[in-house]
Every structure is written in C-alpha cells, then in structure tokens.
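Protein chains: 2
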Amino acid sequence: MKIIDGGVCAAKGFQANGIRCGIRKNKDKRDLSLIMSKVPASCAAVYTTNLVKGAPIAVTKQHISDGKAQAIICNSGNANTCNPNGKEVAVETANLLAEATGIRPEDVVVASTGVIGQPLDITPIAGGIPELAEGLNDNGSELANEGIMTTDTVKKSVAVEFEIGGKTCRIGGIAKGSGMIHPNMATMLVFITSDVAIAPEMLQKALSSDIAETFNMISIDGDTSTNDMVIVLSNGLAENPEIVSEGEDFETFMKALNTVTVHLCRMIAADGEGATKLLECHTTGAKDKETAKAVAKSVICSSLLKAAMFGADANWGRVLCAIGYSGAQVDIEKIDVDFESKAGRINVCKDGKAVDFSEEKAKEILLQDEINILVDLKSGEESSTAWGCDLTYDYVKINGDYRT
Amino acid sequence: MKIIDGGVCAAKGFQANGIRCGIRKNKDKRDLSLIMSKVPASCAAVYTTNLVKGAPIAVTKQHISDGKAQAIICNSGNANTCNPNGKEVAVETANLLAEATGIRPEDVVVASTGVIGQPLDITPIAGGIPELAEGLNDNGSELANEGIMTTDTVKKSVAVEFEIGGKTCRIGGIAKGSGMIHPNMATMLVFITSDVAIAPEMLQKALSSDIAETFNMISIDGDTSTNDMVIVLSNGLAENPEIVSEGEDFETFMKALNTVTVHLCRMIAADGEGATKLLECHTTGAKDKETAKAVAKSVICSSLLKAAMFGADANWGRVLCAIGYSGAQVDIEKIDVDFESKAGRINVCKDGKAVDFSEEKAKEILLQDEINILVDLKSGEESSTAWGCDLTYDYVKINGDYRT
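Just so you know, the protein sequences line up as chains A and B, in that order.
With my numbering, letter number 393 in the first sequence gets 393, and the count goes up by one each step, no holes.
With my numbering, letter number 347 in the second sequence gets 347, and the count goes up by one each step, no holes.
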C-alpha cells in the first residue's frame with residue numbers, strides 16, 4: 001500500500017471543486033464544495049449522536065437509504081442547524097445540484113458546517129451551483145478541501161493505492177474539523193472516495209467498524225457537534241471483483257480505509273483549535289478493549305493534562321488522575337506511564353507511583369510537536385489509541401469570539 | 001436564618017489556625033491548617049469517586065468509621081497521592097496532632113491538596129504541629145482558610161445562624177477549590193462545623209442528600225480530583241434536642257446546611273482557575289430530576305460555551321449543542337434559552353430555533369461577572385441548577401505551568 005496525492009480525486013471517476021458563493025463574510029474563503037462520481041456509487045455514512053442534528057443530516061439519511069449516492073455538496077459558514085427553514089434549504093440544494101449536473105436529487109449527499117442557529121439563505125448557494133458544477137475537475141480535491149474549512153488552519157487530505165483481485169484500487173479522503181470535536185460518534189466532516197467495487201452493506205460494515213477505532217477516538221474539546229458525518233463513496237471503477245462478503249479482499253479494503261482514516265484523525269487532532277501539539281495516548285496491557293479505549297480517551301480529554309502538555313510540564317499525576325475517573329476498573333498500583341517524542345522516551349510513573357526522572361530530559365521530550373503518552377496497565381493484552389491536542393491560549397481566543 | 005461572620009469558628013466550641021510549616025516553596029503562603037472542636041463531634045463525610053485516591057482519604061475513612069471526630073488537619077502544596085510513603089505520612093500526621101492536643105488519633109481527620117506524585121516529607125509537618133496547636137483561636141477561620149488554598153485567589157467562607165428547639169445554632173464552612181473540579185462526587189475540600197446536636201447517621205444523611213444538588217453540580221474543568229472531601233463536624237454544644245430522625249428539626253438543619261453549601265459552591269465556581277465570570281445554569285420544565293441535572297451539568301461543562309461566555313458572545317447554539325449531547329432525552333423543538341445578569345434578561349432561542357434579538361443588549365448582559373443561563377425544557381415540573389465558570393487565557397496559563 002502506498003500513500004499518493006490527489007485526495008478525493010485520486011480514485012477513478014471522481015472530480016471535485018470548491019468555490020466562494022458568498023455565505024461567509026470573509027471574501028477570501030471558499031464556502032461551497034462539490035465531490036462527484038461519474039457513476040452512482042455505493043455509499044456508507046455515520047452521523048453525529050447529538051440529539052440536536054443539522055437539517056442536512058435528515059436529508060442525506062433519506063437520500064442514501066438505498067445505499068447509493070453520486071455527489072456530495074457541502075457549504076461552510078453556516079451549520080444549517082436550529083433554523084426554521086433548514087430542511088427546505090437542504091432539499092432545495094440537492095434539487096438545484098441535480099438539475100445542474102443531470103443526476104438524481106436522491107443521489108446527492110448534503111452537508112453543512114459553521115455557526116448554529118443562524119438563518120441560511122438559499123440565494124448564494126443557488127447562485128453558485130452552476131459555477132461549482134461547471135468547474136468540476138480531476139485536480140479539484142484541494143479546492144473542495146478549502147471550501148469545507150472553518151477554523152481549520154491546514155487542509156486535511158490523504159489517498160492510498162493498493163490492489164484487490166489484481167486490480168489497482170484507490171481510496172482518498174478530505175476532512176474538516178478543528179473544534180466541537182469529541183469521540184461520541186462520527187466527529188467532524190470526512191468525505192472519502194474510492195473506486196473499489198463493494199456492496200453498500202459491506203461498505204457500511206467497513207466504515208462502522210473502522211470509526212470505532214479512529215474518528216471516535218479523537219477529542220479536541222469534549223463537545224460533540226450537531227452536524228458531523230463521515231461519508232464514503234465507492235464507485236467500482238477499479239473493476240475488482242465486487243466485495244460482497246468478508247474475506248481477503250474485504251480485509252485489504254479495511255486496511256486501506258484504516259490507513260486513510262488514521263491519517264485524517266491525526267491531521268484533525270493536530271489541527272485542533274489553537275493546538276500547538278498532537279497528543280497520542282496509547283494504552284497497552286488492558287484486560288479488555290473497553291478498558292483500553294476508556295483509559296486512552298479519558299487521558300486525551302483531560303483539560304488539565306492538555307494544558308500541562310502545552311506548557312511542556314511532565315505532570316504525570318494528571319494522567320493518573322484522568323485514568324482514575326475514566327470509569328474503567330483498573331489496578332492503579334500496576335500502571336506505568338511514559339512520555340515519548342522524537343526527542344526520546346522517559347518513564348515518569350512506575351506501578352502507580354512516582355519515579356525519579358530528569359525534568360530536563362522530560363522537558364526536551366515535551367517541547368516537540370508530537371507527544372505520545374504511553375500507559376501500560378499491565379493487566380492484559382488489549383490496547384487502544386486516542387488522539388487529541390494541547391489546550392492553549394488560542395483555543396480560548398478562537399472560541400471566545402467565533403461568532404462575532 | 002441569617003448570614004454571619006466567623007467561618008468554621010462561628011459554631012460554639014470550634015477553634016482554628018493556619019501556619020506556614022514549609023511544604024510550599026512560596027514563603028508567603030500558609031500550608032498547614034487545623035480546625036478543632038472542644039469536644040468530640042458527630043462527623044459525616046463524602047469523598048472523591050476517583051479510583052486514584054489520596055492517602056489521607058484512606059486514613060480519614062478509617063478514623064471516622066465510628067461517626068465521630070474532633071479535629072481536621074490539612075496541608076496544601078502536596079496532595080500526598082501516588083507516593084510510596086503516603087499512608088505513613090498521613091497516619092503520622094494524625095498521631096503527632098493527637099499527641100500535641102491530647103485528643104485520640106482516631107478522632108483526627110487528615111486531608112491534603114496540591115501536586116500529585118511528589119514525595120511528602122513529614123519533617124515540616126512534624127515541626128509545625130506544636131505552633132499550629134498552640135495558636136488555635138476563636139478567630140482562626142481565616143488563617144485555616146489560607147492554609148488550604150492552592151490556586152484559589154479568594155478565601156471561601158460562610159456561616160449561618162438559626163434556631164432549633166428554641167436554641168441558637170450555627171453552621172459555618174470554609175472551602176478550597178479552583179481546578180480539577182468536576183461534578184462526580186464531593187469535589188474539592190470543604191470543612192463545615194456546626195454546634196447542632198445531631199446523630200452521626202442523620203448528619204451523614206443530610207450531607208449525602210445535600211451534595212447531590214450542590215457540590216456535585218459544580219464543574220470548573222471536567223477533571224475529578226483524587227483528594228476531594230467534604231467533612232462536617234457537629235459538636236452539639238448548641239444544646240438543642242439531639243436530631244435523631246427526620247422531622248422539622250432535621251429539615252431546619254438541612255436548610256441551614258444547604259445555605260452554607262450553595263454559598264460555598266458559588267464561591268468555588270466563581271474562583272475557578274482563571275475565571276472572570278460565575279456561570280449558573282438553571283434548568284426548568286424537565287420531565288424528571290435526572291434530566292434537569294444532566295442538562296444543567298452538560299451546559300456548564302461545555303468548553304465551547306465557557307469560551308463564548310468569556311468573550312461575552314451570545315452563542316446560544318452551543319447551549320443547544322451541549323443539551324443535545326447531554327445524554328438526556330429531551331424534545332429539542334420545545335427548548336427556550338435566555339441569558340440573564342444584573343444588566344437584564346434576553347431570550348435568544350425559542351422552541352429550539354433562532355429568534356431575533358439585540359446583539360447589543362445580549363453583549364451588555366454577558367459582560368457582567370455573574371451570568372445565568374436559563375433553559376426551559378417545557379416538558380415537566382422538575383428543575384436543577386449547576387455552577388461553573390468561563391474558560392479563559394489564565395486557565396491555560398495556570399495549568400500550563402502549575403508544577404514547575
């Protein structure tokens with residue numbers, strides 16, 4: 001398997017585009033994106049678990065209930081959530097796009113991201129759709145990526161190439177997500193395209209299984225958004241024998257999908273609002289998977305630890321504290337904690353107790369921009385990884401005045 | 001019932017003191033406190049639910065298992081948690097205090113607060129105890145209050161006077177707590193003294209019932225500490241007929257206790273690490289108590305909302321978002337949200353949807369230092385209140401470099 005360029009346009013038969021239609025006040029930002037397959041594709045999705053849901057989610061759910069879709073249209077700048085006219089705008093967006101491109105409205109996935117509770121006017125979207133559709137091109141992944149960004153500071157994109165049944169296959173994805181991100185569901189917007197031939201139910205199975213270990217293991221700030229979705233379109237143009245059951249081909253597909261999702265997870269966590277550091281907590285020696293996950297997530301979610309990591313302070317007591325309130329039943333007296341980065345690795349806690357360590361070395365390790373927090377529970381064989389970021393002045397700045 | 005001065009020395013027969021014994025590096029800060037009753041008192045306690053627990057908690061639990069205690073000794077600067085010698089130091093502290101004051105070691109409550117996982121030396125404590133005990137006095141509540149502070153910026157103290165069975169009774173309390181505070185148990189250190197005659201089991205009943213609506217409804221940062229406890233000593237010197245069952249006297253006691261605890265809750269939340277504002281979320285119209293509490297707590301815990309409040313940004317979408325992921329089953333389409341402060345009150349969301357409101361007026365309201373977030377679920381009769389604070393640059397600053 002190799003990492004390649006091209007994002008959502010890497011897979012055969014996919015084009016994309018992103019334009020500025022005028023939803024956002026900032027005139028330099030694109031705010032409307034389109035990803036399109038030449039032919040209808042198998043489609044799988046996961047959505048936010050928040051009871052408050054954006055209007056586009058209801059419309060998308062209905063449209064892909066047959067397991068098929070052909071296009072994804074997404075605006076930024078307005079979440080289209082808690083609006084009196086939310087559903088109408090989402091439906092009309094799909095209709096207008098279908099008209100402009102000649103596909104069925106039922107094959108359109110609609111997504112939105114931005115402020116909650118602001119009326120959304122269809123006018124700029126309607127005005128922009130012709131330009132958006134006409135401009136579809138093979139190198140449009142970056143433009144589409146720009147059009148879905150909100151407080152993101154970098155574009156998040158990856159693609160991989162691999163083989164199934166002797167055929168070259170590709171999966172690529174783009175993502176947005178920087179704040180209001182917490183592992184209770186599919187967090188953020190992630191659009192993944194693939195040219196693999198795979199039945200919709202197998203695609204959904206692959207996605208649902210994957211996100212439990214990837215997107216649901218990220219937290220930026222503990223807030224679960226109202227609009228998040230992960231969508232995968234797989235159009236079959238790689239001409240591999242269609243994957244209709246588990247087996248070797250399905251495993252290969254799962255592995256490729258996981259490469260894409262883990263890559264995007266790390267990019268999302270590293271670009272958390274205000275973040276200066278990517279934090280990765282790796283739990284080993286857990287008696288079961290649930291324990292491994294609960295511990296890793298609790299550590300990555302601790303505001304106190306996140307602030308300590310910002311300050312490059314090896315305050316491992318906060319790691320133990322977060323494990324202690326994780327809800328997992330662990331033997332505190334067995335826990336080892338290490339900090340690791342490209343500057344080295346240091347043991348800071350052994351058997352749940354303080355150990356002598358060099359503060360200087362610890363500081364050097366924690367001043368890097370990717371920090372691994374290694375927790376060994378020494379009570380079993382299971383492991384898990386969660387991703388997050390440090391808590392910084394800029395997180396406060398961004399969110400103290402996001403709307404105005 | 002009237003609010004009076006005197007803190008933990010307000011009730012008859014209680015004295016207190018606080019000194020600097022040398023645990024903390026900062027030479028201007030007191031770090032060892034003592035509260036003492038002239039006679040053994042009924043004692044009730046609640047402790048942290050964190051699996052990682054400070055050594056003093058185990059010792060205290062054992063000492064008050066007979067429902068009686070006479071003194072509370074507490075150090076700041078070191079949590080005595082995850083230390084190899086933690087239990088020995090806590091036991092020795094109780095022994096030394098008992099020796100210096102002539103009470104039984106089993107009547108000593110031991111508490112600690114500060115950094116986790118640093119060895120704690122008994123030497124400064126042993127050296128300080130004689131001075132601490134000799135200096136006990138009727139006006140010592142403020143000194144004791146100072147000795148338990150860590151990142152607190154204000155002393156937190158209150159006392160009330162009321163009558164039971166024709167006798168004047170008093171309850172007073174001091175508290176510390178600023179970070180690592182989250183409503184999963186008794187959060188922070190709270191020491192309450194009373195001269196009411198009340199059986200230990202009724203005292204425990206009153207305390208356990210009260211904290212569910214008070215200390216467990218505060219959150220500063222979502223982190224549940226390892227050392228927290230709420231202790232009540234009630235020595236009977238008011239000479240009221242002893243409270244041994246529910247009834248009018250018990251209700252009066254509960255009401256007085258609640259006045260003290262709510263007061264301390266508000267002070268703790270307002271003095272949250274880095275906070276500039278006290279946030280109070282009041283939920284009404286809930287179908288049951290659990291829903292009311294879950295919604296109020298979820299709102300007060302949202303990092304995004306806390307940052308918006310810091311910026312005086314009426315971003316009510318974040319209130320709805322937090323309600324949506326609270327886990328409570330609510331009808332989103334019925335929710336009304338108002339913001340209120342001494343500058344007035346404004347409706348920002350009606351029936352789960354945006355309403356037109358004056359951003360200028362909202363700003364004026366949110367620029368005050370006490371903000372009420374009023375959530376009406378319009379689905380029943382139950383209500384609840386939770387307390388928190390805004391998320392600020394200073395929270396990050398304090399916690400980015402707390403230990404070093």
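Read the hints as simulated data drawn from the structure, not as lab findings.
Any given hint might turn out to be false.
You can't tell identical chains apart in this list, so a pair holds if it fits in one copy or across any two.
As the list claims (entries may be wrong) - Below, computed lysine-lysine pairings styled on DSS-like, alpha-carbon distance capped at 30 Å:
(1) K287 - K87
(2) K334 - K363
(3) K87 - K12
(4) K363 - K397
All figures in this text were calculated on a predicted structure; none of them were measured in a lab.
Status of each hint after checking the structure:
1. In this assembly of identical chains, the alpha carbons of K287 and K87 lie at most 30 Å apart only when taken from different copies (28 Å versus 46 Å within one copy).
2. Taking the shortest Cα distances, K334 and K363 sit within 30 Å of each other inside one copy (25 Å), while across copies they are farther apart (51 Å).
3. In this homomeric assembly, K87 and K12 never come within 30 Å of each other (Cα to Cα): the closest approach is 32 Å inside a single copy and 66 Å across copies.
4. Taking the closest pair of Cα atoms, K363 and K397 come within 30 Å of each other both inside a single copy (26 Å) and across two copies (17 Å).
Going down the numbered hints, you'll see the structure goes against just number 3.
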